[in-house]
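**Q** Residue numbers (UniProt numbering): 1 to 558.
Be aware that one or more of the hints could be misleading.
Stated by the list, open to error - Below, a list of computed lysine to aspartate or glutamate pairs in the EDC-like style, where the Cα atoms sit at most 16 Å apart: (1) LYS459 with ASP518; (2) LYS482 with ASP499; (3) LYS180 with ASP220; (4) LYS259 with ASP220; (5) LYS406 with ASP447; (6) LYS451 with GLU410; (7) LYS326 with ASP390; (8) LYS326 with GLU292; (9) LYS459 with ASP417; (10) LYS119 with GLU222; (11) LYS182 with GLU222; (12) LYS341 with GLU410; (13) LYS465 with GLU522; (14) LYS182 with GLU122; (15) LYS142 with ASP200; (16) LYS120 with ASP271; (17) LYS326 with ASP296; (18) LYS465 with ASP521; (19) LYS465 with ASP423.
As the list claims (entries may be wrong) - Derived Cβ-Cβ restraints for the label pairs, each shown as a range: (20) MET323 with ASP427: 30 to 36 Å; (21) PHE421 with ALA312: 34 to 40 Å; (22) PHE421 with ASN398: 23 to 29 Å; (23) GLU453 with MET323: 37 to 43 Å; (24) PRO268 with VAL476: 55 to 61 Å; (25) ASP540 with SER430: 18 to 24 Å; (26) LYS465 with SER322: 36 to 42 Å; (27) SER269 with ASP200: 26 to 32 Å; (28) ALA67 with HIS219: 34 to 40 Å; (29) LEU283 with LYS465: 51 to 57 Å; (30) VAL74 with MET323: 46 to 52 Å; (31) SER269 with GLU457: 52 to 58 Å.
Hints listed in this document are in silico derivations from the structure and should not be mistaken for laboratory results.
For each residue, glycine too, the CB sits at the ideal point set by N, CA and C.
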Amino acid sequence: MPGKVSSRSSRTSGSGSRKSSTIEPSSRRSATSRVSAPYIEIPEETPDNELRTQVSSIFRDSQRNTASHRKLVVNLRKIQEACCYEPTSKKNKTGAEDFDEEEFTYEFTRCVLRVMPIKKSESVGEKAIRFIGLFLRHANEKDNELTPANEEDDGVLVETPSTRLTSHLMSTILPLLTAKEKFVRFRSTQLISHIINSLDSIDDDLFQQLRHGLLRRIHDKEAMVRVQAVLGLGRLAGNEAEGDADESDDESSGGLLVKLLAVLQNDPSADVRRSLLINLPILPNTLPYLLERARDQDPATRRALYSRLLPALGDFRHLSLSMREKLLRWGLRDRDENVRKAAGRLFRERWIEDCMASAAAAAETAEGEVSEENKAPNMEALLELLERIDVVNSGVENGVALEAMKGFWEGRPDFRDAVTFDDYFWDTLSAESVFMARSFNDFCRNDGNSKYEALIEEKMPEVTKLAFYLHRYTAVLVEALKRIATQEEITEDVAEEEDTVEQEFIVEQLLHIARSLDYSDEVGRRKMFTLLRQHLAIPDLPEEVTKLTVECCFGGGC
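Please put together the full structure from these sequences, using the hints given.
**A** Spelled out as structure tokens, the structure:
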């Protein structure tokens, strides 16, 4: 579609290119110096015309509701094409054919400027800014479709009517970032950040000016302005951080991230910290600062970490073991109920899905398709999840693993129904599997209305059988302790001691189960009581095992 020659300007909508800043990180670097935005005056009113009537009508309708935005964007795009391109058909005229690109830009900018003084509490401002961003994105996409293929070049922004409109609008809004009126600063910052997050590419010189202007707003005295500034800078930092690191000025990607991380740690407004938490790029050097927001004083910010950041983080196994344990402990023991719920949901939904995904990948068929069975509850995945939170240390009496598994059994009825404890399970106990059985037993027995008693009868062993397994694993533990005591070579003790710790943990969990059993069966009660008395006579028994054995004898009913 040929460009229309402006009656006021010799510039056409044809070719012509500028270096661009696109969403691709590598093209967001510029060696040019920063250009300050020129002083802009508010346009004076001119006589009404057909173009003004149509553009103003569309902007007026955009403030009523967002449902009609898509239709209004299409209508405004038709007006823009009529002004900027030579008509290819005499049909479907809009009435704007007598106007040129410069006049359309003037009327569009005029309507946008009327949005700037609107107070934050007025929803029409939000709707208008959403409409502006949607139109600019749509118009740029349409112009790119009309751009000849031979004019496209990597890293170069082809000049189109929409890119010129965007540059003119942003250059007009930039001086308003320093306005005295707080609502003008708020709306101008909001508009710039929204456009940055809406477009795929921006002229590189303009990009530098926008970054410089937004950086000055992160210390604005109004929190609402700072929130909008970090929304835009978060996107810029995310795209720059993965680019080339050959620039060393104080506002390079590293410098920008340092400034934003300082705001994340020190800004007094919870809204600003929460916006940065959600919008900052997740990188090795930013992740520790993001995760420490789990201790933020604002409950909504802590909840955002567990409900939005951590689920978007990817595989939780990339976190260190100590960090996993801290995040679980901080979240599940938070003073705010909503944070506790978000942390429990993260554990039983997102983290188990990561383990199930790896199990499904291991079971992938030769044809490259995953079996439907892999979507069912996977006990191997649950055991891996328990291993990843180190149940030997976190599964002790006051450890966080018990709280996590209580919420897991409560929130995952599919796993609750699918779990089985057969003879093979008890013959091959590990720290993770015995803890799974203990946590399942505790959950079913400690539920207030006893609605899970049937699961206990169905899945857990009777007293006599549990006594047999307790005797067996206690014997293994005692043998391991004697072997360590008589071993002369100290240099080879590490693996042996680790195995002993696991065996001790297994016996402790079996004793926890034994404490809660129903001893109405006289035969089972006598069997268990005799066994426990024999264990108390063993001098090498660890202190915690001895303590649990005594409690089981006198407090378990045997």
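**Q** Enumerate the violated hints, using their earlier numbering and listing them in ascending order.
**A** none
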